[in-house]
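Given the sequences, and given the hints that come with them, work out the whole structure.
First to last, the protein sequences are chains P and S.
So in my numbering, the last one in the first sequence is 258, and the numbering has no gaps at all.
So in my numbering, the last one in the second sequence is 270, and the numbering has no gaps at all.
In short, the hints are calculated from the structure, not lab data.
It should be emphasised that the depicted structure is a prediction, and the values quoted were computed from it without experimental measurement.
Among the hints, a few may not be true.
Stated by the list, open to error - Facing chain S, a subset of chain P residues (Cβ under 10 Å, in silico): (1) Leu77; (2) Val94; (3) His105; (4) Gly106; (5) Thr197; (6) Met198.
Stated by the list, open to error - In silico DMTMM-like links for lysine to aspartate or glutamate, alpha-carbon gap of 20 Å or less: (7) P:Lys74 - S:Glu177; (8) S:Lys106 - P:Asp56; (9) S:Lys267 - P:Asp147; (10) S:Lys106 - P:Asp15; (11) S:Lys109 - P:Asp147.
Yeah, the Cβ is synthetic: ideal placement off N, Cα and C, and Gly gets one too.
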Amino acid sequence: MPILEFRNVSKTYDNKTMALEDVSFSVREGEFVSIIGPSGSGKSTILRCINRLVDATQGVIIFDGQEITSLGKKELRRVRTKTGMIFQHYNLVNRLSVIENVLHGRLGHKSNLSGIAGAYTEEEKEKAFSILDKLGLTDQAYKRCDELSGGQKQRVGIARSIMQEPRLILCDEPIASLDPSSSKVIMDHLSDINKTMNITCILNLHQVDVAIKYSQRIIGLTKGRIVYDGPADQLPQSTIYEIYQSNKGELITDVEG
Amino acid sequence: MLRAENGRARESIFTRRKRTYTLILLGVIAFYVFACTITEFSAVDGLAAIPRAFVWIAKNLVPDAKALHRFPNILNKLLETTLLSISVTVTAAVCAFFFSLLGSKTTKINGAVSRAVRMVAAFFRNVPDVVWAMLLLFSFGQNILTGFFALFFSTFGMLTRTFIETIDEVSASCTEALYATGATYMQTVFQGIIPSALSEIVTWVLFMIETNIRSSTLIGMLTATGIGYLFDLYYKRLDYGSASLVVLCIVATVILIETLSSRIRKVIL
Numbered sequence: 002m003p004i005l006e007f008r009n010v011s012k013t014y015d016n017k018t019m020a021l022e023d024v025s026f027s028v029r030e031g032e033f034v035s036i037i038g039p040s041g042s043g044k045s046t047i048l049r050c051i052n053r054l055v056d057a058t059q060g061v062i063i064f065d066g067q068e069i070t071s072l073g074k075k076e077l078r079r080v081r082t083k084t085g086m087i088f089q090h091y092n093l094v095n096r097l098s099v100i101e102n103v104l105h106g107r108l109g110h111k112s113n114l115s116g117i118a119g120a121y122t123e124e125e126k127e128k129a130f131s132i133l134d135k136l137g138l139t140d141q142a143y144k145r146c147d148e149l150s151g152g153q154k155q156r157v158g159i160a161r162s163i164m165q166e167p168r169l170i171l172c173d174e175p176i177a178s179l180d181p182s183s184s185k186v187i188m189d190h191l192s193d194i195n196k197t198m199n200i201t202c203i204l205n206l207h208q209v210d211v212a213i214k215y216s217q218r219i220i221g222l223t224k225g226r227i228v229y230d231g232p233a234d235q236l237p238q239s240t241i242y243e244i245y246q247s248n249k250g251e252l253i254t255d256v257e258g
Numbered sequence: 002m003l004r005a006e007n008g009r010a011r012e013s014i015f016t017r018r019k020r021t022y023t024l025i026l027l028g029v030i031a032f033y034v035f036a037c038t039i040t041e042f043s044a045v046d047g048l049a050a051i052p053r054a055f056v057w058i059a060k061n062l063v064p065d066a067k068a069l070h071r072f073p074n075i076l077n078k079l080l081e082t083t084l085l086s087i088s089v090t091v092t093a094a095v096c097a098f099f100f101s102l103l104g105s106k107t108t109k110i111n112g113a114v115s116r117a118v119r120m121v122a123a124f125f126r127n128v129p130d131v132v133w134a135m136l137l138l139f140s141f142g143q144n145i146l147t148g149f150f151a152l153f154f155s156t157f158g159m160l161t162r163t164f165i166e167t168i169d170e171v172s173a174s175c176t177e178a179l180y181a182t183g184a185t186y187m188q189t190v191f192q193g194i195i196p197s198a199l200s201e202i203v204t205w206v207l208f209m210i211e212t213n214i215r216s217s218t219l220i221g222m223l224t225a226t227g228i229g230y231l232f233d234l235y236y237k238r239l240d241y242g243s244a245s246l247v248v249l250c251i252v253a254t255v256i257l258i259e260t261l262s263s264r265i266r267k268v269i270l
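Take a look at the structure:
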């Protein structure tokens, strides 16, 4: 049974802009899927429909056996705890320390009051430290997040999402603001989490070569429609041009050839 | 051909910029002359009066022996006024924070409530605190409560507006991330928004405390309480020496609070 399924999902913003048009696909547990496509093609909207930061206008989305487009507040909160999210701009609380940001991953599991007070159990704290250790951030644990580099901030973002103990991690342009070496560190961590913890990963990426190298499967999106859905290593060059609606020689990936 | 057109476009953008600035400058001058004529204000006479005013101040507004005799009483009233200003500002800040959550774009419950909050805040802010005091005199009489609520309303209006802007600015990204983890509204407020906005909030609260010490002097004259009352009393008795001591004490207090608040800000930031 797939962990995530989109059935004929459409999304229109303000009754005008069509962001997604009749999108259907399903993702099996443990898959590593990349969504590629030009800016404004609807990649972010797909991810945000899954944890309902954006509400789909039409269609059915099933996550972990549950239809999520019609969930009430409480059940929505449960679904969100099962889906971690990583952002292009990290979206950390910059004035707080690294460890506090990681512990934010537990908020969805806690009672309203203990979350407000920031009262975490010893086990939660221990778990947070061991995750930081795995991501090589032990020395940064007590630093404020605005003192970190971009790559370190993104690792804190990853730590926060693992802290949720999610079934699925959504990554919205996780390496778009990072230099090539930090990008590799982040992609390696995500790939490792996917393999060792069996957490399904769905990524939005601008870098086609990165998508092909790391993912098992690629979904190509153009103007809110899926134009390719298949194995990463079989993505034909002509389809890449179709996805980005350009000709040979017009893409940055063409430079080396 | 194309280059010629480009050249003309470049020429015109700079001439247009120059023309705009010249027009704005001429407009300001014309408006100034117009306003002076209507109000029969002469800048020369105004400037000439300044030295005379200072001479009068230097002659009359000097604390004398009688004033020093009243010093303990002045300090007592000044303390009362300062404490009132602090308590008003803190109370108004707590109310304004929760109110501004409803008004901010990132944390609003719905658009209608947000607009209503902004309108209420604008109303409270735009009625001057002295006018609030005069209106409240009817219900509370010459009482410290009148001063309290007059300051409370204007501070509340002002802080609500600035807190809305602060929350809008600092919290768009972290609220999205916290909601995505499954955090509740209040958890997001306490774990995300408050830590992000705290230093700006403290800065504004300290600034409002300073402002309120000054305003409460004026309001005290109307409500016959605090340091304002004392100033009014001495002034009307032509006891300029004591009145000047009151002014000096107020200035010293405001400077003290300013110094303290810049220290506090440094520690927090």
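If you test the structure against every hint from before, which numbers come out violated? Of the numbered hints, 5, 6 and 11 do not hold.
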